[in-house]
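Trainee: Each chain is listed here by its residues.
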Amino acid sequence: MSPNDVFDLLILVLLITCALAIARMKDLAAAVILFSVYSFALCLLWVHRGAPDVAMTEAAVGAGITAVLFFYTLARTGRREK
Amino acid sequence: MRNALALVVVIVLAGLMMAGVSQLPPPGSPDGAVHRHVAAHYIDGGKEAAGAPNLVTAVLLNYRALDTYGEVVVIFAALLAVLAVGLAGHSRGPQRGADELPVSPVVDLVIRLLAPFIALFALFMILEGHVLPGGGFQGGVVLGALMILLGLVLGPRRLRRMLPTPALFWTRSVALLAFALVAVAGLALAGWLFALPEQYWLRELIIVGLELAIGIGAAFALVGFYLSLEADRHR
Amino acid sequence: MVILFAIGLYVVLTKQNLVKKIIGLNIMETAVFGLIVTSGMVTGGSPPLLGQGLEPPYASPIAHALVLTGIVVALSVTALALVLIIRVKAECGSIELDELQVDLQPLEPDQ
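Listed in order, the protein sequences are those of chains A, B and C.
So for the first sequence, our numbering puts the first residue at 1; every next one is plus one.
So for the second sequence, our numbering puts the first residue at 1001; every next one is plus one.
So for the third sequence, our numbering puts the first residue at 2001; every next one is plus one.
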């Protein structure tokens, strides 16, 4: 396995861990923060796959704006999931 | 029970998709079908044809400009829908004074210090988006994020005062209008939509103009989303 | 990528909380984007930027442009859905789907 493959695999493991944690998380605010982490990991993956434009968009949109919008929604609707 | 059923459905579906994905040609080979079709043509002639050495920008704003126009329309439509949903059925009286959330002085100072640099970076991304990675939408999102940050620090009411309604109206529509202008100008001058002039510098200018329009449009659409959610919070 | 899509789908199907469903939807979307970007990559290739001293082979710019458009649409969908969720909360007092179905009936006549 080349170092590139190891890097890919690490990021994929991180992504899947984050996704599973989001699925299990009862605290929605924590789930949103985990989604930001997930977006940043995805961003790394995309730089690695030769797509810096997509990576920049993902960092700005997925980790930034989406989280802000989610937080404002949570402020209105409560952060606990039943 | 329902969760178990859903799990079974998901696993079966995932198995089917896994089978489908394994039939795809292995990614990463430079001779794959993805790279032999139009992509090769774009890579060869994209810079001259579109006026943008960043080929992603070239594809977005020239070869697939109609798609990008659709994308701009989608943001605009989403903004309209958000505003309509936010306003419907509620009188928007003067907002109560509860809006100043206490922000930590550290956060306040850091955001105030960083704001000009973030704005500069956003502008750089927009204006250099046709050469370097980045582009109108990315820069616009950064600009929108900056305005949202300022809204957090200064309070949404001051942000709203800084952005009067006519300004919001025009900045939200500017991307749509610019795209329509370029499309119709191409149609009138050369006979097809999004035709670009012969001179390279003129092409570059049009691309930068479009990027700027998309950037401003995206930034203010995001501010619109934010202000709408924010207004909902104080009702 | 398929695993991520499956997790997202599972969240959308089983969670009763609407905000959680939207997060699941976002995960599904990123999984699809990942598949598209991966199909456009070249092992050892460089990003499709001319004039920066990068050597061919370049990754396919079409896949990247497609995904960019997709991200924008995903953001728009998310924003609209969140505002709708806030309205649901304001009108019905809950964003849990199983509670909504009970509460929705008595609201109908006077709305």
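Possibly wrong hints are sitting among the right ones.
[Stated by the list, open to error] DSS-like cross-link-like pairs, simulated, lysine-lysine; straight-line CA separation at most 25 Å:
{"hint": "1", "chain 1": "A", "residue 1": "K26", "chain 2": "C", "residue 2": "K2089"}
{"hint": "2", "chain 1": "A", "residue 1": "K26", "chain 2": "C", "residue 2": "K2021"}
{"hint": "3", "chain 1": "C", "residue 1": "K2021", "chain 2": "C", "residue 2": "K2089"}
Keep in mind that the hints were calculated from the coordinates and are not lab data.
Trainee: Broken hints, numbered, in rising order?
Mentor: none
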